[in-house]
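With the hints as a guide, dock the two chains, each given alone in a separate frame, to form the complex.
Top line first, the protein sequences correspond to chains A and B.
Quick note on numbering: the working numbering labels position 191 of the first sequence as 191, and the sequence is numbered without any gaps.
All you need for the working numbering is the position in the second sequence, starting with 1, plus 1000.
Hints listed in this document are in silico derivations from the structure and should not be mistaken for laboratory results.
Some clues are possibly wrong.
Sample of chain A residues at the chain B side, in silico, Cβ under 8 Å [claimed, not checked]:
id: 1; residue: Q246
id: 2; residue: S250
id: 3; residue: T252
id: 4; residue: S269
id: 5; residue: G287
Keep in mind it's a predicted model, so treat the numbers as computed, not measured.
Even for Gly, the Cβ is constructed at its ideal location relative to N, Cα and C.
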Amino acid sequence: MYSNMHHSLASFERPRVNCVLAVPAGVFLATEIGLFQLINGQLNAISPWDQQPVHLVAVSPQGYLLLLETASGQKLYLCNAQWQVEAELPCPPGEKIQCLHSQTQCVLAGTQRGIFRLLLNTDNRPKADSWQCLFKDTGGWGEVLWIHSDHPEQIQASIKKLSPDAKPALLETRDDGTSWKVAASVDYQDLVLAVNDQFWISRWKGRCQRHFTGGYKKHPLTAAWLSTKDWALLEGNTLEYQQDGQATLSFTHPLLAEAKWLYPLPQESAFLVAGMQGAFLVEPAKGAVSDLFADMILPDGLGELRQVFELDDGVRLAVASFGTFRSEDSGITWKPADAEWSVLNAKHLIRSDDGRWWLSCRSALFVSDDNGQSWRCVKLKLEQMPHYAELCGGLAIIDEHLFIGSKTGVLATHLNNPKYLSRVDAFGRQAIRTLSTSPDSRQLLVNDEKQTEKTS
Amino acid sequence: MNTIDQLHAFRRPEVKAVVHKGEDIWLGTSNGLYHLHHHVLNVCGDWHGHRISALAASESGLVVSASYAKETLLAVTDKQGNLIQRLPSLGQDNAKSLLVAKGQILAGGKRGIYQLEGDKWQRLPDTQGAEVIGLTLRDENYLAFCKKQGVNAHAGLLVSHDAGAHWQLEIETGYHDAIIQAQDGRYLTRWRGPWRIGSSIRYQKRPFSAACQGDNVNAWITGNILACEFSDSKYDPLELKDPRFAEAEHLLLLAKGFALVAGINGAFLVNLGNGQVQDLFAEHAIPDEAARVKQLWSLEEGRTLATTSFGTFFSDDGGTHWKVSSSEWAVLDAEGLTMSPEGAWYMATQRGLFSSWDNGESWSQVKFTTTPHFAELTAIAFIGNRLALGSKSGLFLSDADQPKQLRWISCVGNTTVKGLLAKDNSLWVGTEDGRLLEVNAETETGIMRAVFQHPCRPLAAAGSVVTLLSAKQLFRVSPKEVQAVKLPDTVHEIQDAACTDLGLVAWNKHHGWVLNAATDMTWLPIKHWITGVKSISSSTPRLLTDRIKIGAWS
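So here's chain B without its partners, still in its complex pose (with noise of 0.2 Å):
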């Protein structure tokens, strides 16, 4: 058997954190601490193989927010990155965002925000519940970026004017419609692009991941286009546009017309005045640990696809060899891929929808808005020639042959579409409130065929009988019953399952099986298994992912 490519070339780390001091610019990685400096990137303090996920400036250097193995860490370092000091745990919570102001060590973590006071941390009236992503002052206040907060889980944006004591929302935007920037009452977000409390809400079609101001110019990213706009001028922004941008939630601009652009696939340093960009980690070896391959996929002619953290490959030979995929985005945060009646490869990624017509070699976005917004993308067919799109905010159907005209179906109401799949005539929906629903595309209404206490997303049709997966078990849904299908002998639960040429693949954290539907259901072990999977191809050549190497199963 020929050795598969782990991609090694093509690993960059994921930045979490970047903090700007003066002339220091240090990064936190999947991949440990590094320090920018005169555009060279060095390795800093000793935190290889950790995985970062905040920084904050401090007196002395830092603080740290990191993992490693199964622990976490938070620690005060030197200008170095070496360790100072340990701080505390934050016990039930991890810090996904820090501050260091006014004598106060502050973290934001999943449930709230947290004060260092002694030896413990307290967890700040106001702010139960809150994921908060950045922390930073503005003026004289504490500023907290949520990601969710408040009953209904919205990103806002929570405001103290008393260091600490007491926090007020300020706004509240919608389902993961983060806030990027605040700034004298005009709000930068990620669907709603540049906006003010009372102004209308227009969706854009490129989502906004990052921006930072500078003297006299504000710039941002938003899908693959870096934008600066002067502020003596008022003529259209200056555009850069590179694949590699997409997605990237740092931007910082340096002196003599730098820009350094930094996500989750590495890092990049822009020359604003021709365009050049440098990357970062190039030659920095990355164990694989530290990226990413999120799924695989088949496509055409024996092809396989893989959408990672570090861009976008294809494979012609089962793995061996790989190219570069040429996309609009590098990063390809595949949910869903699906091929069009024309035989074009449609894909939803979280944050857009884009195409292939030639086999996945190249994919461009296709732009469109929808009403609601659809918050994120988490699943895609096509039911005859129209395009469905599941997501959070519910399912999307368009009109025939015009995939940019959506329509929201109410039949599935607001709720996170877990999966779809079409199948003949009919679309079976998968909810998150539980319910399967056989939505007619024609009518664009639906029946409700089963409810589930948790769940469901369908895998496979045959007839009007229906294979899904809902809180680690399979059932069947006909139109009489719902069955559970029995697993294989002493397994009690699976961690997923997915519709492959063989049927259907089943797996838990050590072993896999596939279920011989044909003859007698019962659940065939299947060789090569490793542990952990999480994606694997539907047909040849067959490759599986624990997220960090790629196997080959048979």
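Bound-form chain A, shown alone (with noise of 0.2 Å):
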């Protein structure tokens, strides 16, 4: 993708791709710095939204609703078959709109907090000023992920975290939102991230028929995609494509990793990946994977780098939303890090005596013995469930063992053999926020507090 020449960092930003919309007319994909249609290969801008900040597409009974979303808020509007706006629409007050669906008289909203429907006349005015809700979490969670609706009545959202629990749950009405049966609930952090009749596809568990449940992936997926002929997702760097009846695909790259959009453009044998990295039109057979914003002129400032590490001598390690960079001069030129994931969703970073780099990010843990040259994902086998949710507690070394903070618990492995993780019973499975080794280097201290010391 990248040349091996030098160059500042902002030369890689890509622009965040928010959603994209797949439909008979074409796939659209909403970014920050406008909407584009994939076009034989090639991303198309769609006027007059070039330059704005899309946060959401969806289809509407005429044509298409469109969400931008900027510092100072968000706006909804009602666009036409050819994108052209209709009328602005109000978003429900006080509320996050996170995804959008509509039907034949209305529009249905997913925020932070709940389901909200929007009645709309003949002429696709808006009846009245307000919202219903029609769902809200009693516990103030209720983030809604997504929501679909085939038939008037019925309607299935998955929710992130659901009361009493905080555990996710894919929720289904079948009477316009009188009623609501809490169709799974699922692990911790296990989020539905496509359903139909016969299967989900959830975060850590993968694709499972519906009712069974089944074991955890090694990494939990970024994205999915389900039909009654086809399914494909993505876990880590590799995407996992089957048509029914046919052979499974499975193609691995790092420009993969951490994606939020996946779509099968099986007639043209490729796949559409997107997400904080950009678009990329992936095509197994070729083995390739092209940027699809490459020959594009972008703006200044996309995308956002996370966080900058300091390696040895004086190298650093800059973890962006589009890549993985380092530098030799103090962060003048940079290089994209030979990792096998682009993007390092990385939080915490420590080094261990013989000179290794571990980097944790929020779903693997990475090792570079080559002052961050190249990064390897370690495959980690924890040795009792739950699965780790989230790595993103901290990282703390004594002797020869690494801790890593998690979202449910303290978990060590040791530095000769880091593959195998076992949790820190001492612990529990409480949220770790930070970790950290008391000035002795003997003891563990565990979100802030004191706590016994280890036992190997």
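Dropping the structure here:
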């Protein structure tokens, strides 16, 4: 993807793709620099949305819905089939829209707290200024990941956390929101990514038959696609795809990791993969992943530089939404790091005495033994369930042991055999926010409290 | 009686040879010659009913080796497959591979490599005894891929640098460890996988069966996975997984991201970009003789399992209706089937071990490796809660309740195990070198109970008396003596025998009998027996097969 020359970090920036809409009329990408349509492997900007921060797009009865999001708030528009504005719609007051879906006579919005509906009259104008709340979580959670509806009175929604125990759930109503059934309450953080009559795909279990449970995946899935004829999912840096009755395809590439949007283009033997890192056309038969924004003139300030870590000898590691980069000249020029995952959603870094660097990312642990030039994913095997959810609580080393803070306790592994992880019983399954060692390096400090010393 | 479904719709010809020249692809099969062009398969020439064993590209078209009725035929054809010229026969040998190069025609047979000189085939020096399954040109040298060669009958690669005048052994691998690809000092073998001379050998859990090199891409088939490695990519290879790929011996990379996968179960066109698999023989009528029903097995609750060259099927109504088993490998070349103490079926196929927890509806591979490598599995039994696997390298026994951890049993030695029988606490082992051993699974020691001049296979045991088959005769071995079992009147030898719920069943080419052991040790003829039976199911519903059709007996 990138040449071997050194560049400023800004030259690697790519726009965040916030949403992908795939319909018979075309494949559309909502990005922070506007709306694009994918035609013949190229992105074409759609006016009048050029350079606008498009957050969500969805189908509406006579065209599309489009949501802009800036620092000052959200604006929702009803568009015709050519994406021209027909009307501005109000947003549910005090709510932040996370997903949209429309039916013949109304618009459904999932927000951070629940599900809302706006009725439309026959010429697609809102009947009233107000949104009706169809569902709200009693405990103040209820963030909606997606909404789907095949029939007027049936609605399905994937909820990130539901009362009382903050577990993800799939909600279903068949009476237009009068009553809701919790169709599945899965494990902590095991979000339902896609569902149809027979199967669902969840973040930690992958693709299972409904009402059956399966084993855990090695890495959480970040994206999934499910239709009556085919399914696809992204696990770590691997794309898996199968059409009904055909061979299962499995393709691995660093640029696929942490992408949120996945759409198969079987007629072209290709896949669209997009997310915070931009958008890519994947052609497994050629072994090719093409950067769809590569030839575009892009404005500055795209994506997000998350953190810059200091390694040995003045070398720096930059972890950004558009990739991972290394600089040997104090940050003037950068080169992409050679990592199994291009995007490392890294939180913490620690160095062991043998000179290796350990990087805990939200969904994986990476290690480098060449001062950050290359990063390898440690294929973790966790002794007992539940899975770790996120490795975001910090890193610490005592003697030959590496401790990782996760959302379900403190995990420990041996530096000589980092694959095998076990949970440190003393800390239970609490979410770890910080992890460090005491000054004498004999004790672990968890969540800023002194704890009992580590036993081997 | 209901008619037995002969699985016509599922039968596919065996593809024995593939030739790719420019835009043309020819498939030599058990039902003649086919031509593939633009993803469409057409019958080519008039080879209907011929079993083609080898093909090579020639100037005019092809050189073909085929058999029809009991005759063999070597011929040169045009591009449309029409016969132009018959070639002399190979005499006592059969051509398993062909090569046209440097103006010569070479044939690889079961006992050497031959060159056509005038109107005779001459065996080339240094090649006697070699069973040659592939002949190719590498740079200017000839390569002969041997299934067996040398004193140990191991797989090997013979090379000639002087157009066949002399041959040297380039590498030799293990027994049954076929060499699939040889390029630039790198070899791909069935069980070692990718390997170089001098590097350590780590046996694979899944056998490699085919490989192909294209422009900037290297592809291979291992188990049921087709993998493609792109030379400008250092990432993990693209993988496509499908039961129909398993055991395929032919792989071609085609234009526009397609691949041809062909072998014993037919030919498939695979779209590497989206996983679509097109069954090329789906619309072609195939005579039953072009495909084989290899074995019939009785499962529980009146279910019968058929393991065939074109897939694996089960029937709950004595063969009137069959369903496809959902299996990681579509073709299971089953050698033995047994039930574990927990009630799962374990199947030993030649190149793998499979288990089913749903009475044969679905089969998944049980991955294991052994030291030494097992080469090929031949028999299976459970002795207590230990798994016993017979192979061409001897006997392996597992730890209790650990079917994947297997140990080689030295008292049996490095020999082919012909049969296993577990009864009470004894494991009876029959070997290629004629020994019948009683092995103690706990101590892993064995006592030799009898020796025969020919290989022996235990069939049934009652107390300490074992009935076995050796050299077409039946014997009864007791602690005191070995006694020949009297065969039916006027019968001097039998082809095979099996243990069933009715008792011992033995058969020759035309008839089958049940031994009435309970009463008077007489043989009762079996009705509805057919000629040439090769396999029978061991309990009701009673089915039999001659490898082509399925019948019922009672």
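Does the closest beta carbon of chain B sit nearer than 8 Å to the beta carbon of S250/A? 4 Å, holds
Double-check Q246/A for me: the hint is only fine if its C-beta lies closer than 8 Å to a C-beta in chain B. At 5 Å from the nearest chain B Cβ, Q246/A passes the 8 Å test, so the hint holds.
Supplied contact hint for T252/A, tested at 8 Å Cβ to chain B: Hint on T252/A: holds, closest Cβ of chain B at ~4 Å, below 8 Å.
Quick check on S269/A please, does its C-beta sit within 8 Å of some C-beta on chain B? Holds - the Cβ of S269/A comes within 8 Å of chain B, reaching about 2 Å at its closest.
Have a go at the G287/A hint: is there a Cβ in chain B nearer than 8 Å to its own Cβ? Holds, because the Cβ-Cβ distance from G287/A to chain B comes to roughly 3 Å (cut-off 8 Å).
Of the numbered hints stated above, none is contradicted by the structure.
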